[in-house]
Structure formats: structure tokens, C-alpha cells
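J.: Each chain, written out:
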Amino acid sequence: MAALITHSPILIIVIPLLAAFLTPLIGMTSRKARNVLVVVSLVFVAFLVFALARDISINGIHVYTLGATSPDLSIPTGFMVPVRIILEVDGMSVFFGIIWAIVSLAAAIYSLSHIASETGQNRFFTLLLLMVTGGFGMMFTGDLFNLFVFLEIASIAGAALIAFRTKFADTQEGGFKYIVVSAIASLMVLFAIGLLYAQYNSLNIAYLAQVIQYTTLDKIALGLFLIAFAMKTGMVPLHLWFPDAYSVAPASITGMLVITSHACMYAAFRICFTLYGGVINAPVVGWIIIIFGLLTMFVGVTMAVFQKDVMRFMSYHAISQLGYMWVGVGVGLAVLGNPGLLATYGRDAMSGGIFHILNHALYKPLLFFTGGALFHYTGTRDLTKMGGLAHKMKWTTILYIIGTLSISGIPPLNGFSSKILIYESVYQFNPILTITGIIVSILTLASFTKAFHSAFMGAELPEYKEVKEVPRSMIIGMVILAAGIVFVTLFPSLIVDWIIHPAADALIDPGPYISAVTGAIP
Amino acid sequence: MMEYIPLDFPFLAAALLVGISFYIIIFKKNLIKLIMGIAMLAAGVNLFLVSLGYRAGGTAPIYTDVPEGPMVMSVPQALTLTSIVINVAVLALMLTMVIRIYRHTGSLDSEKSRRLKG
Amino acid sequence: MRRVTGWIVLIVLVAFLVWGVTLIHPFGYPDASDMDDYIIENSQEETGSNNVVAAVLFDYRALDTLGEATILFTAVMGVLLLLRASKRKKETS
Amino acid sequence: MLTKIVRTVANQLILFIVIFGLYVIVHGHITPGGGFQGGAVVVSGIVMLLVAFSSQELKKLLRERVLSIVESSGAVIFIGLAFAGIGTVFFYNLLVGTPIFGRVPAIGPGPGDIWTGGVIPLMNFAVGLKVIAGLSAVVLALALFSGGEEVEE
Numbered sequence: 001m002a003a004l005i006t007h008s009p010i011l012i013i014v015i016p017l018l019a020a021f022l023t024p025l026i027g028m029t030s031r032k033a034r035n036v037l038v039v040v041s042l043v044f045v046a047f048l049v050f051a052l053a054r055d056i057s058i059n060g061i062h063v064y065t066l067g068a069t070s071p072d073l074s075i076p077t078g079f080m081v082p083v084r085i086i087l088e089v090d091g092m093s094v095f096f097g098i099i100w101a102i103v104s105l106a107a108a109i110y111s112l113s114h115i116a117s118e119t120g121q122n123r124f125f126t127l128l129l130l131m132v133t134g135g136f137g138m139m140f141t142g143d144l145f146n147l148f149v150f151l152e153i154a155s156i157a158g159a160a161l162i163a164f165r166t167k168f169a170d171t172q173e174g175g176f177k178y179i180v181v182s183a184i185a186s187l188m189v190l191f192a193i194g195l196l197y198a199q200y201n202s203l204n205i206a207y208l209a210q211v212i213q214y215t216t217l218d219k220i221a222l223g224l225f226l227i228a229f230a231m232k233t234g235m236v237p238l239h240l241w242f243p244d245a246y247s248v249a250p251a252s253i254t255g256m257l258v259i260t261s262h263a264c265m266y267a268a269f270r271i272c273f274t275l276y277g278g279v280i281n282a283p284v285v286g287w288i289i290i291i292f293g294l295l296t297m298f299v300g301v302t303m304a305v306f307q308k309d310v311m312r313f314m315s316y317h318a319i320s321q322l323g324y325m326w327v328g329v330g331v332g333l334a335v336l337g338n339p340g341l342l343a344t345y346g347r348d349a350m351s352g353g354i355f356h357i358l359n360h361a362l363y364k365p366l367l368f369f370t371g372g373a374l375f376h377y378t379g380t381r382d383l384t385k386m387g388g389l390a391h392k393m394k395w396t397t398i399l400y401i402i403g404t405l406s407i408s409g410i411p412p413l414n415g416f417s418s419k420i421l422i423y424e425s426v427y428q429f430n431p432i433l434t435i436t437g438i439i440v441s442i443l444t445l446a447s448f449t450k451a452f453h454s455a456f457m458g459a460e461l462p463e464y465k466e467v468k469e470v471p472r473s474m475i476i477g478m479v480i481l482a483a484g485i486v487f488v489t490l491f492p493s494l495i496v497d498w499i500i501h502p503a504a505d506a507l508i509d510p511g512p513y514i515s516a517v518t519g520a521i522p
Numbered sequence: 523m524m525e526y527i528p529l530d531f532p533f534l535a536a537a538l539l540v541g542i543s544f545y546i547i548i549f550k551k552n553l554i555k556l557i558m559g560i561a562m563l564a565a566g567v568n569l570f571l572v573s574l575g576y577r578a579g580g581t582a583p584i585y586t587d588v589p590e591g592p593m594v595m596s597v598p599q600a601l602t603l604t605s606i607v608i609n610v611a612v613l614a615l616m617l618t619m620v621i622r623i624y625r626h627t628g629s630l631d632s633e634k635s636r637r638l639k640g
Numbered sequence: 641m642r643r644v645t646g647w648i649v650l651i652v653l654v655a656f657l658v659w660g661v662t663l664i665h666p667f668g669y670p671d672a673s674d675m676d677d678y679i680i681e682n683s684q685e686e687t688g689s690n691n692v693v694a695a696v697l698f699d700y701r702a703l704d705t706l707g708e709a710t711i712l713f714t715a716v717m718g719v720l721l722l723l724r725a726s727k728r729k730k731e732t733s
Numbered sequence: 734m735l736t737k738i739v740r741t742v743a744n745q746l747i748l749f750i751v752i753f754g755l756y757v758i759v760h761g762h763i764t765p766g767g768g769f770q771g772g773a774v775v776v777s778g779i780v781m782l783l784v785a786f787s788s789q790e791l792k793k794l795l796r797e798r799v800l801s802i803v804e805s806s807g808a809v810i811f812i813g814l815a816f817a818g819i820g821t822v823f824f825y826n827l828l829v830g831t832p833i834f835g836r837v838p839a840i841g842p843g844p845g846d847i848w849t850g851g852v853i854p855l856m857n858f859a860v861g862l863k864v865i866a867g868l869s870a871v872v873l874a875l876a877l878f879s880g881g882e883e884v885e886e
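Protein chains in written order, with this note's numbering: chain A, 1 to 522; chain B, 523 to 640; chain C, 641 to 733; chain D, 734 to 886.
Don't read these hints as lab results, they were simulated from the structure.
Misleading hints may appear alongside valid ones.
As the list claims (entries may be wrong) - Computed footprint of chain B on chain A, listed as stretches where at least three residues anywhere in the stretch have a Cβ under 8 angstroms from a Cβ of chain B: (1) 159-167; (2) 273-280.
To be verified - Cut-off 30 angstroms, straight-line C-alpha distance, at most; resulting in silico cross-link-like pairs (BS3-like, lysine-lysine): (3) C:K727 <-> A:K385; (4) B:K555 <-> A:K167; (5) D:K793 <-> C:K727; (6) C:K727 <-> A:K450; (7) A:K308 <-> A:K219; (8) A:K167 <-> B:K551; (9) A:K468 <-> C:K727; (10) A:K32 <-> C:K727; (11) A:K167 <-> D:K793.
Predicted, not measured: the structure shown is a model, and the values here were computed from it.
No residue lacks a Cβ here, since even glycine has one placed at the ideal position from N, Cα and C.
Make the full structure from the sequences, and use the hints.
T.: Right under this line is the structure:
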């Protein structure tokens, strides 16, 4: 068990990868064996993530040096600079890891019957597992170039999966837009990595954070990093591709794509707070993030109100919700240099933003999954053509209601507990932010109620006489997420103490992250 | 030892390549041209990376029958190799999608083929 | 309108890039090279490989190479997935 | 399908191209080259065959299923070699010092020795297999698709 924990950072990345390599081979012989392989590997990974999270809360940051003579030998004996690739898992990384483990498991189970009638299933599950690998790699790596590589894995697999349903033209366009945006963003990241490498001759985040000077080149690199990751998360001036790509993917993949955009957000946080943590001009960068976050919130929700396509409608809401997190963490960044303000409300704002990531990662995939369930039998994504589906799809209706209440921040659901945390703390920073947040929240509730009404309520439509409840595995996938929502709703303070505060503290103080790698210097 | 040339030609060439490729990406409507723009962007970034590791008068970092003298840095070369393979993969996937789009819409114009509005 | 925005973005970007690259160390004379010096000096002893680039690829930065191979695998899977027939042959025949 | 001259020349050349590609793969740890580069060389030979002959003929030679199996097994070998070191650390080069590829070359410039490098030559080989199979599959699939044929599952 101890050895398992020691090696768990790499095992979490490599087990889905190995399963992905085996899936085409096993899928040739038996479909059932392949499904078992996919689900079992993801369950095992989820178990490892939870074990690792527990160990991190007890023993602190995990460092894993690949290819060295010992996992914690981050710097070669008698030398000053890390040479090998180092995986580094702290509270923040493992927080995202938990989210990714839960959602990818739910999405894989949901996919089992969601795509059961399509061809190319072996390759679909291979790509799904590769996407899981890419996400975990981005979250756990402590090396900039490695981050780029895993970012590419996640985005290429994601693009291919968006275009999965090849008989429609819009899927191909969505996938193409996604891969173009990802390619440009990741090349910008690579250029920025080159700028840092040119000056400090290192690629390790912790070591770079120790030696960084904040020269002009560093500022240009920071700008490139932030633009690239903001582009990948669909921040507002660069959001036009986002609904096109997200609305056409199979529903399970859309749920996972939401989390990959969170992973890009994680990378942006890691770069702002850890890599540039000691030197950054925090108020300026913080305010830039806050302003664009506000725009994102507002534009997203106003565009969502007019959508008729259920998946596009939810995609715009995803953009809007991502704005909350940027605002929450942006406020924390803006007061980073001021310990007093940080203690009064900065830490709470950041905790709120991070908590909102957890909640969003639970209810948004759930909503996308219910949208996929509607599509599964009606064959349309157009809300105006649906109606009266509550009579036939009881489970889906209940799960949709849970998701809606949660996304609109209705007490006592989990969306409320994170939003109230953001509102309270941000109010002390600047009341306008809170007011905008509340308006956006009301608009969200209104538009979701409207969508609920047109899809589920009303008389049964004659063309949907044959509609029945979706297959069991799809319901299991949705119930996993709904159970997460219920758990967070019942024990919000427990969640905050266990995983949110460690994550926020890991962002505020990059010291432990740096010394875990460079502390071995004699 | 070579004389030091004050202009950093490789870096400027890389910046220029990146600039040209952004021009293509922003202004060209043809999807194939867009892909060519991204390929050029990748080429610019790769040129930038590999020229970071050069040392004046250095030899390739391979010990087999190498003349005495400094060696160029090896990590940027490995990074560039990785990045080249990644870009091959991305290009293959993009071209596949464009072929599919062309089959569906009969056009390579990004304005015409855009069915989704919003 | 769109063209004007495009030109502004382009000019700002190129200006920053050109400004940026003129600030980098002169070509051929890197500022810091600790990590690379270590690798060049020790790779023969630690990995037994005469080719230092191969040593970096498969030993010092092996996870990148695994990722790279994975990306190639992903792209192959993606291409084959997208070019597949959307109906099964067995059912029709 | 091109003229008989082209086909005959291609038939003869492919042998040399494949051998050169394999040479680049096998000597990856002592001379410039490696799995990716050598694999690309071999695939360039396959592209030459594709130009000289029709994609239909090549399809008989290279089955989609076989390519898929070869590619997956290349990947599994690579990751298996990485797993072999997990007794110490993942990716630990455990073959240095053993009889298999374990010799340590003379420090400093010198002639190369094929039995050096630990797991590096084996990994090069695995990557080479993977690149050959993967890129051939892509090239073949694109060629077949433009002829109106889709890939089967």
C-alpha cells in the first residue's frame, strides 16, 4: 500500500494510458471485456486519487522524479538544478484530480449505452481514456513542457471526440474549430516556455518560481500564457468557438470537455500564483482577470437566453459560470500582496471561486448529460420541438431539476454555498461585482426555468409516444454526479475544510511547492 | 570561434514566421490556408526553440566520433523533436476534418461553411 | 470593423514578439546552461548512450516522449475514427 | 497507378528505403536518428509505394487490422519498458550495467558501441514500430477515403 501511494502520481497518469493502448486489442475480441476494462481502470484510478488526496492532507506535497534512483531525489546528488521531469502533486492539483476522476468515471459509464448504436466504439473509448490521461497529466505535472504535451493530448483527443458523429456537418466544424483554437493556444504556450527556458535554462515550475526575475521577457511570457489559457477556457473576447464545439459533441464528451477547460484554468492559476507568485504585479493582473471574468459572466448568460438548441444553451451557461471562478480567484490575486486584506476576504474569495469549480464540475456535466438523454430518444436538440417529456423520462426530469436548482444557486443546494461565499467576500472588495453576480444568477434561473418548461412540461407530444426512459448505464452516470451534488449540499463545511482550503492555501503560498523540489539543495 | 553577429537572425526569423502565420490565421478564409498558417506557426516556434540551444562553434551533442569543442545544448533539440511530432499529429487530424467538412458542404470557405450562428 | 480589429491585434502581437526576441541573449551565447551542461557531461555515464539527444528523449525527459508517442497514437485513432463508415457492413450484407 | 518504369523502380527502391529506416531506428542511441526519424523514413517508402501503385493494391499488403495491432503492441512495449523500472522509479533505466545493452561507453568522444544505452535502443525500436504502423495507417486511410472508401471498424 505504501509503495502504491508512493507511485500513485505516475500510476494515475499511466493506468488510463495503458488501458487506452489495450482497448483496441481487447475490443477486437469482445465488446464486454472492453467495457469492463474501461470502467475498471477508471474506478481503480479514482480509488488511487482518493488515496493520494488523503495522503497529501496528512503528509503534504508529493514529489515524484521520473527515472531517478529514488522518487524524491528531485535534484541529482551534488547538483543545484532539477534535471529530470518531476511530477508534483499538492492540494490544488489533487483537488482538480478528484473532480476529473469523478466526472470521467461518470462520463465513461454514461457513454456505454449513449453511443451503443454507433460504429467506431473501440476508438471512441480509446480516445476517452487518452483524454483522461491528458487531463491528469496536466494537473499533476511539475514541468512546463510536460504540461504542454499533456495539454495537446487532451485537446487532440477532445477534438476527435467532438467530431465523433461524422454524419453531421456541424460536428466536423465544431471539432475543427476546437482543434484550431487548441493548436494556436498550445503553440503560444510553447513560445512562452521557450522565452522562460532562454533565460533560466530550466523547465521545472518550482525551480523557475525560485529564480524568476520578472524581466520584460517574463512579462511577455505571462501575457502569452494567460491569453492562451483564457482562449482555451472560452473567456469572453475569445469565446466564439466555445458553444460551436461544445454543443455538437456526444453529451458524455461535453461533460468531460467542461473539466478540460477547468484544467486549463488550473494551469493559468498555477502559472499566476506559483510560477510568478513571488514577483507578479498582483493588483494589475488581478483586475484584468476580474474585468474579463465579469464580461464572461454577463455575455455568457445574455447569449444563453436566446438559444433554442439545448446544448448550445447549456454551453453559454458554462461560459457564464466560468466567469464566476475567474472573478473569485481574480479578487484573491488582486489582494495577494496584502496579508491583511487577504485574511479578511481574499482567501474566502479564492475559496469561493475554487468551491464553485467543484460545484460547476458536478452540475454542468449533469445538465449536459440530461441534454444528451433528451437527444438520445427525441433525436433533436431543438427546445421548441420538445415537450411533455416529463411523463416518460422521470429520472431525467428529476436529475435535470437538481442540476437547475444547483446552477441557479437556490438554497440549500451546493451552487448556493459557493456563490454566497463569493458574494460575501467580493462585496467587501467591490460591491459592483456582487451585484453583477446576483443579476447573472437570476438570469440563469430564468432561462433554465424556461428551458425546463419547454422540454419537460406540457402535454405529451404525439411524435414522442415511443420515448421511454434512457438505458440504465446512462442513469448511473448521471446519478453519480447527482450523488456528488447531494453530498456537497449536505456537508459543505466538511468539503471546504478538507479540500477547498488546502487548495486555496496552495495557491496563496507557493513556498511549500517550491521547497518540495528545490529544498534538497545542500 | 566565429565573430559575433549583432543581429540575432534566427530569433528574428522565428518572430517573423510567427507574425506571418498570425496574418494568415486572422485574415484568410480558406480552411486549407488556415491549416498552412498553423503549420507555419509551428515552424516558427520550432525554429525559435531549436535556436535557443545553439552555442557558437558547437557540434551536435553526439559523442560518436565527435571533434573536440563545445556541444550545443541537447534539451531544446529534444523539445523541438517532440513538438514536430505533435504538430504532425495535429495537422493529420485537421486535414481529416477538413476533408469531412468538404464532403458535407462542398466548400472550403470558412464563411460559407459556417452553418452555426450565435 | 473585423479587419481593423484583426490588424490591431496582429500589429500589437508582432510588435511584442519582435521586441521580445531582441531582448533574448545573443544568438549562440546562452545566458545559463546548468541543466544542459549536466546532461552533456553525465549522460554517457548515467544512461550509456553516446547520443545525448536520445538520452534526453528516452531517459531524462522520457515522459515527454511517452506523451509524444501517445499524441501520435491519439491522432491515428482520431483519423481512423473520423474516416470510418457510419454504418456497419455486417448488418447490410 | 503509374507506368511500369516507375513501378519497377519503386519495387527495387523500397528495400533500400526500409533498410535505411531500420538502420536509423536501430542505431538511434549512437548516431543521429531514433525511432521517430527512422519510422518516418520507412513510411516515406510506403508513401512511394502508394504513389506508384494504387491504394487498393497496397491495402491488400497492409491490412488495417494488422497495422492497428502492431501500433498498439508498440505502444504497450514502450510503456512496459517504462513499467519495468517501477521497482525503483517509473522510467528507471534498469538495463545499464547488465549484459543486455548494458555496456557503458568510454567517457568522451569515441566510436559507438551498439550494446550500450540500456532501455534506450529497445524504446527506440518500440517507438519505431509504432510510428511505422501508425503513420502508414493514416496515409492509407486518407488515400482510401479520397477514393471513396471508408475505414471499417
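J.: All hints are to be evaluated individually against the structure, with a verdict given for each.
T.: Verification of the supplied hints:
1. 159-167: holds (count 4)
2. 273-280: Coverage by chain B is violated for the stretch 273-280 of chain A (0 residues, Cβ < 8 angstroms).
3. C:K727 <-> A:K385: Answer holds: K727 (chain C) to K385 (chain A) is near 27 angstroms, not above 30 angstroms.
4. B:K555 <-> A:K167: 25 angstroms, holds
5. D:K793 <-> C:K727: 22 angstroms, holds
6. C:K727 <-> A:K450: 37 angstroms, violated
7. A:K308 <-> A:K219: Distance ~42 angstroms between K308 (chain A) and K219 (chain A) Cα, so the pair is violated.
8. A:K167 <-> B:K551: Holds: K167 (chain A) and K551 (chain B) sit about 24 angstroms apart, inside 30 angstroms.
9. A:K468 <-> C:K727: Holds - the C-alpha atoms of K727 (chain C) and K468 (chain A) are around 24 angstroms apart, at most 30 angstroms.
10. A:K32 <-> C:K727: Status holds; Cα separation ~21 angstroms.
11. A:K167 <-> D:K793: Satisfied, since the Cα-Cα distance of roughly 28 angstroms is no more than 30 angstroms.
Violated hints, listed in ascending order, are 2, 6 and 7; each of the other numbered hints is respected by the structure.
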